[in-house]
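Peer 1: Since chain A is already given, all that's left is putting chains B and C on it; use the hints.
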Amino acid sequence: MSIKRHNPSDILSKAVEANGFVFLAGIVAGDTSGGVKAQTKDVVDQIDKLLAQCGTDKSKIVQAQIWVPDIKLRGEMNEIWKAWNGGKDLPARACVEAKLADPKMLVEIMVTAAK
Amino acid sequence: MSIKRHNPSDILSKAVEANGFVFLAGIVAGDTSGGVKAQTKDVVDQIDKLLAQCGTDKSKIVQAQIWVPDIKLRGEMNEIWKAWNGGKDLPARACVEAKLADPKMLVEIMVTAAK
Amino acid sequence: MSIKRHNPSDILSKAVEANGFVFLAGIVAGDTSGGVKAQTKDVVDQIDKLLAQCGTDKSKIVQAQIWVPDIKLRGEMNEIWKAWNGGKDLPARACVEAKLADPKMLVEIMVTAAK
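Chains as they are written, first to last, in this note's numbering: chain A, 40 to 154; chain B, 40 to 154; chain C, 40 to 154.
Here chain A stands alone, though its shape is the one from the complex:
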């Protein structure tokens, strides 16, 4: 069994590979000046890049958790979510309301993929 860790900060790794799975950290927008749609696009772009780094892609995501600081943002987030996955290879998913690390952050997404 070997574990491979990618893009460490001082508190977390952005991605961890182990036993045929890739675990991504909760990803928030790099640029939090925009609304929830812009931030969701920023997040899924980062997820695409991290999954590619780990040798997998969005078609292999098995589970996703999404947090929004106001559940009313769910609809707009979902518009970008649906544009991103195009209705294909959809993961098991839960989306609930939670305050995030910074009040400017309007969405956080954490996924697990197979590889």
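Simulated from the structure, these hints should not be mistaken for lab results. Among these hints, one or two may not hold up.
Copies of one chain are not kept apart here, so a pair can be met inside one copy or by any two copies together.
Claimed, not checked - In silico DSS-like cross-links for lysine-lysine, where the CA-CA straight-line distance does not exceed 30 Å: (1) 111 x 154; (2) 121 x 111; (3) 138 x 80; (4) 143 x 154; (5) 111 x 127; (6) 88 x 127; (7) 76 x 88.
Peer 2: Frame of chain A; chains B and C shown alone:
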């Protein structure tokens, strides 16, 4: 490695099989007119059916996350939870408070099972 | 496929082994009289013991979820988190705000490890 997805909506799959695990979506009651006990029973019944569809069952659940929109509902939810699993084959579990997609939803449960 | 469950209560197992992974329950401090730093230390000590019981250790944690009842507690929690893992072998992680089972609980941590 093959991934099998079940019961897709426009945003998620209700269940995803990969690498010896079954990942279920966060399940909410189909009928949200009842209290938290009725809704929890509705949810665990759905979980039983989804796990059966994936060739596994509640005795193989390894992890569960539970969200209730008011943490005071935890006690009543637990009554149904305990009746359901009968104190056997208990998963690792976390239960925290979070607003869900609709204010009528009083419980959401997401489980991962082995198969 | 075999599943091994450890330290069951009436509602959950503190740890579950399956398919090369160890799933821990959301762990809260045994002693909730202290502040968030003392409670985080209490939690990571319990995590160390549970992982050891399952034949693995913190260097193999792949994913972590952390809940604090006030997101402002995140900084103090992180101090203990960083002292614990020493910047090495960092898991994918998400930390959001959520009310926990008891208002005295100031942190809950749920981890998944490989073994």
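Peer 1: All hints, please: hold or fail.
Peer 2: Structure-based check of all given hints:
1. In the homo-oligomer, the alpha carbons of residue 111 and residue 154 never lie at most 30 Å apart, since the shortest distance is 34 Å inside one protomer and 36 Å across protomers.
2. In this assembly of identical chains, residue 121 and residue 111 lie within 30 Å of each other by CA distance solely inside one copy; the values are 17 Å within and 33 Å between copies.
3. Within a single copy, residue 138 and residue 80 get their C-alpha atoms as close as 20 Å, and across copies as close as 23 Å, so both meet the 30 Å cut-off.
4. In this homomeric assembly, residue 143 and residue 154 never come within 30 Å of each other (Cα to Cα): the closest approach is 33 Å inside a single copy and 38 Å across copies.
5. In the homo-oligomer, the alpha carbons of residue 111 and residue 127 lie at most 30 Å apart inside one protomer (25 Å), although the nearest pairing across protomers, at 38 Å, exceeds that limit.
6. Taking identical chains as interchangeable, the C-alpha atoms of residue 88 and residue 127 lie at most 30 Å apart whether they share a chain (19 Å) or sit on different chains (23 Å).
7. For a Cα distance limit of 30 Å, the shortest separation of residue 76 from residue 88 inside one copy, 19 Å, qualifies, whereas the shortest one across copies, 35 Å, does not.
Going down the numbered hints, you'll see the structure goes against 1, 4, while the others check out.
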